[in-house]
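> Below are the chains, spelled out letter by letter.
Protein chains: 2
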Amino acid sequence: MSERVVTMEKVVNLCKRRGFVFPSSEIYGGLISCYDYGPLGVELKRNVKEAWWRDTVSARPDVVGLDCSILMHPRVWEASGHVTNFNDPMVDCKLCKGRFRADQLEHASCPRKPSKRPGECEGELTDVRSFNLMFKTHMGPVEDSAAAVYMRPETAQGIFVNFINVVNSARAKPPFGIAQTGKSFRNEITPGNFLFRTREFEQMELEYFVKPGEDDAWYEYWQNRRMQWYTDYGIKPENLRLRAHADDELAHYAKGCADVEYNFPIGWQELEGIANRTDFDLKQHIEHSGKDLSFFDAASKERYVPYVIEPSAGADRGTLAFLVDAYDEDGPDDDRRTVLRLHPSLAPTKVAVFPLMRKAGMPEKAQEVAAMLRPLVTTAYDETRAIGRRYRRQDEVGTPLGVTVDHQTLDDDTVTLRNRDSMEQQRVAINALPALVTEKVAPPVCTTPLAPTA
Amino acid sequence: MSERVVTMEKVVNLCKRRGFVFPSSEIYGGLISCYDYGPLGVELKRNVKEAWWRDTVSARPDVVGLDCSILMHPRVWEASGHVTNFNDPMVDCKLCKGRFRADQLEHASCPRKPSKRPGECEGELTDVRSFNLMFKTHMGPVEDSAAAVYMRPETAQGIFVNFINVVNSARAKPPFGIAQTGKSFRNEITPGNFLFRTREFEQMELEYFVKPGEDDAWYEYWQNRRMQWYTDYGIKPENLRLRAHADDELAHYAKGCADVEYNFPIGWQELEGIANRTDFDLKQHIEHSGKDLSFFDAASKERYVPYVIEPSAGADRGTLAFLVDAYDEDGPDDDRRTVLRLHPSLAPTKVAVFPLMRKAGMPEKAQEVAAMLRPLVTTAYDETRAIGRRYRRQDEVGTPLGVTVDHQTLDDDTVTLRNRDSMEQQRVAINALPALVTEKVAPPVCTTPLAPTA
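So the protein sequences, as listed, match chains A and B.
Going by the numbering used here, the first sequence opens with residue 53, and the numbers climb by one from there.
Going by the numbering used here, the second sequence opens with residue 53, and the numbers climb by one from there.
To be clear, the hints were calculated from the coordinates, so they are not data collected in a lab.
Please note: incorrect hints may appear among the correct ones.
List of simulated lysine-lysine pairs, DSS-like, C-alpha gap at most 27 Å [stated by the list, open to error]: (1) A/Lys-417 <-> B/Lys-225; (2) B/Lys-411 <-> A/Lys-68; (3) A/Lys-307 <-> A/Lys-343; (4) B/Lys-411 <-> A/Lys-225.
The following label-pair restraints were derived from C-beta to C-beta distances [said to hold, decoys possible]: (5) B/Glu-322 <-> A/Lys-149: 47 to 53 Å; (6) B/Arg-410 <-> A/Gln-477: 52 to 58 Å; (7) B/Ala-198 <-> A/Asn-276: 44 to 50 Å; (8) B/His-340 <-> A/Ala-199: 26 to 32 Å; (9) A/Arg-441 <-> B/Ala-198: 52 to 58 Å; (10) B/Arg-479 <-> A/Arg-223: 25 to 31 Å; (11) B/Ala-423 <-> A/Arg-441: 44 to 50 Å; (12) B/Glu-158 <-> A/Leu-157: 56 to 62 Å; (13) B/Gly-342 <-> A/Gly-319: 54 to 60 Å; (14) A/Glu-381 <-> B/Glu-354: 35 to 41 Å.
Take a look, some chain A residues computed to stay more than 12 Å from chain B by CB distance [said to hold, decoys possible]: (15) Met-60; (16) Ala-111; (17) Phe-215; (18) Pro-289; (19) Glu-381; (20) Lys-417; (21) Asp-458; (22) Asp-473; (23) Ser-474; (24) Val-480.
In this text, all values refer to a predicted model and were calculated from it rather than measured experimentally.
All C-beta atoms in this analysis are idealised placements derived from N, C-alpha and C, irrespective of residue type, glycine included.
Please construct the entire structure, taking both the sequences and the accompanying hints into account.
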């Protein structure tokens, strides 16, 4: 693995061919930048989200979950600043009628001369105008401005507006976090790079509320924790880096922000942002709603508006990074093998069961073994073509374990258990499989302490 | 439990107070018919969806999953008939300017006389017009009709348009199913009844493709299977019924349709529809896309367009039904106990750990026990107030198991394990807890065969 063999094209092709990701509405020509997860992709993405929820919510005593609606009150987006500030600068060409991002003119193409740059049609450009990135729709039977609502551009605001509801119902005290996964929508002018930048995408966001003064320690904690999470699930450390924002990149309300970046074939790109958002969001909602969103600490008799540390990750980007990082080819040039070296806990299928041949009762026995394992882990069964081909098909989609029923099985109830990465096989008793398989696909144990160490 | 003590009001109050469900954007006055799942609600709904996915996808060799985008190509909705037919009949009042559903005028209220019926303001009503229930938005930088897209009103069409992609990539052969969970949106004129009818909602849909001629047997199979699923997870059989649609209720393309109905406090209402949709959907997409969506059976050399059986369930309605059905009050009148008798596998919190008193090292020991259990099952820890109060708090949210650390624990490493329903306690060793707790909260074993029996 000295040299990276992965390209975006290889990953996109594998995704389509094997059912990880399809272009949305493909039979109608597709819908730009929208994708559907196929049978293997949906399992992979579910596993990525489950890994995040398990480590961020379930395994921690200090974090609870939330699941807010996508359609929220429009005043939420006034308070958050999205109505005023969530814009891209646009220009129109008066001749070709094309609309372009003013800050990315060199990447745009002119409708009259598709391969050329705007201006080459010699049209005059309008002044720069703001284009809001929120998708707008109308709720209720009357389509007027009073009924306009937005599809949320982020899940985070749902957490802030529920802060007091959660504090009261869950009796939560800082430091504590509220976590949410879910779809968000941004009408990006220039989406692209497969799953990387799409107009509809899924987020995994944690808002971790702390007492002001404790924010620096927790900001550092969550940076380390989130980096560790990606490597726990198999991302190679050399393909991951933490990049602190320069002062002139920082949003005006942020005290600090750092991006977890992954070395995609298209270059280093953001997987997740971790920000110290101070008390900005809660104070905005206090001002706009007139509600008291401060926290009263009964022990110390102090009242304060908590600071918040926000690790905000993309589920689709994360899924793409796990796919790209797992992609490998090995073997001699005349017998190359494509293998997805996914962490077993993320692999869409955990075990594939094969009869060595389609005779002598092997298929029936193999189906029995598959039926035994299926309630425990996602299990495939395949009896077509030569066994070598079948192993390769599973290697290509990252199935970590292969179980083969052969002649000996019919005598002694043992099978071979094949390891995807080493391709080594061991002989094991069928009745040992449930425990063995379950153990081999278990998620990694999180070793990060639950709080910053002094 | 001879008499039902549950009312919608009691459930709504419990949901708000304990963090199951909050009104969306509540600090801004709420957004009609949109709700957010709080810390306990998100876990309950996750468990409901997980139970569906486990039994419908993971445990079956003949069903694969899919996860499609919410924004799809607009031609999908032309082919499906939603653009033309997914309408409610509306009338406007020329005097009060109110807009009402023409077929529900008796339930409407006049804006000028909020407590009265339309017509009572003596305004003249317009002719009946069609109002399409799809939410419309615009994709890309130009807000014109060419860029109009809809938020999907159902997840099912995403499955139909991916039929060939799934067949090819997963090598699927009828009978087989494609399953999907996800948000859908319908701009209902009259939403209401808490989670029951909302404009944003989550579906759990299965499209099960069969050879024409085998459809009747599979239609019956899925009706039985889906009824069984609800009772497996604890719905009382007397609160559940299957209601076949009368001929004049059937959609023109449906050969049969039956609703799984639950006896809510507001009356019998649909949880799920199970329909034999014949080859209607695939044929519509064949016609509109020009693509061949037929299946070729290599063994029999037959080519056909499969029929589809569709069990289509609401995740929010299901969650509400499990909540309502689990709600109970028991004990003497002067010491009533509210208890959610949720199936343990659905309960948001599986086990709560308590120190009997806040002294003598009991809290520390109890926190150790909680930390041991937390990686296995969702675990709460509570040391506030009297132990009886703490038990009641957990009963009220359906936590099936309580573990109490007391004086004896410090001597012999045993604890009491309390059962939510019987309130009985047994003494068990701490090191026996992981296996015991895991076993007691395990999901039910599905006993339905995988196919219709002859």
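> For each hint, tell me whether it holds in the structure or not.
Consistency of the hints with the structure:
1. A/Lys-417 <-> B/Lys-225: Holds - the C-alpha atoms of B/Lys-225 and A/Lys-417 are around 21 Å apart, at most 27 Å.
2. B/Lys-411 <-> A/Lys-68: violated, 60 Å
3. A/Lys-307 <-> A/Lys-343: holds, 25 Å
4. B/Lys-411 <-> A/Lys-225: Given that 27 Å is the threshold and the Cα spacing comes to 21 Å, the pair holds.
5. B/Glu-322 <-> A/Lys-149: 47 to 53 Å: For A/Lys-149 against B/Glu-322, whose Cβ atoms are near 48 Å apart, the range 47 to 53 Å holds.
6. B/Arg-410 <-> A/Gln-477: 52 to 58 Å: Taking Cβ atoms as reference, B/Arg-410 and A/Gln-477 lie about 56 Å apart, which means the hint holds.
7. B/Ala-198 <-> A/Asn-276: 44 to 50 Å: Given a distance of about 48 Å, which is inside 44 to 50 Å, the answer is holds.
8. B/His-340 <-> A/Ala-199: 26 to 32 Å: Because 31 Å falls inside the window, the suggested range holds.
9. A/Arg-441 <-> B/Ala-198: 52 to 58 Å: For B/Ala-198 against A/Arg-441, whose Cβ atoms are near 47 Å apart, the range 52 to 58 Å is violated.
10. B/Arg-479 <-> A/Arg-223: 25 to 31 Å: Since the Cβ atoms of B/Arg-479 and A/Arg-223 sit about 29 Å apart, the hinted range of 25 to 31 Å holds.
11. B/Ala-423 <-> A/Arg-441: 44 to 50 Å: holds, 47 Å
12. B/Glu-158 <-> A/Leu-157: 56 to 62 Å: Holds, since B/Glu-158 and A/Leu-157 (Cβ atoms, about 59 Å apart) stay within the stated range.
13. B/Gly-342 <-> A/Gly-319: 54 to 60 Å: About 39 Å separates the Cβ atoms of B/Gly-342 and A/Gly-319, which means 54 to 60 Å is violated.
14. A/Glu-381 <-> B/Glu-354: 35 to 41 Å: holds, 39 Å
15. Met-60: holds, 19 Å
16. Ala-111: violated, 6 Å
17. Phe-215: Violated, because the least Cβ-Cβ distance between A/Phe-215 and chain B comes to about 9 Å, which does not exceed 12 Å.
18. Pro-289: Holds, since 24 Å exceeds 12 Å.
19. Glu-381: Label holds. Min Cβ-Cβ 20 Å, cutoff 12 Å.
20. Lys-417: A/Lys-417 clear of chain B: closest Cβ-Cβ about 15 Å, beyond 12 Å.
21. Asp-458: At roughly 21 Å from the nearest Cβ of chain B, A/Asp-458 sits farther out than 12 Å, so the non-interface label holds.
22. Asp-473: With a cut-off of 12 Å, A/Asp-473 remains clear of chain B, as the shortest Cβ separation is near 24 Å.
23. Ser-474: Given a closest Cβ separation of 27 Å, the condition holds.
24. Val-480: holds, 22 Å
Checked against the numbered hints listed earlier, the structure breaks hints 2, 9, 13, 16 and 17; every other hint is satisfied.
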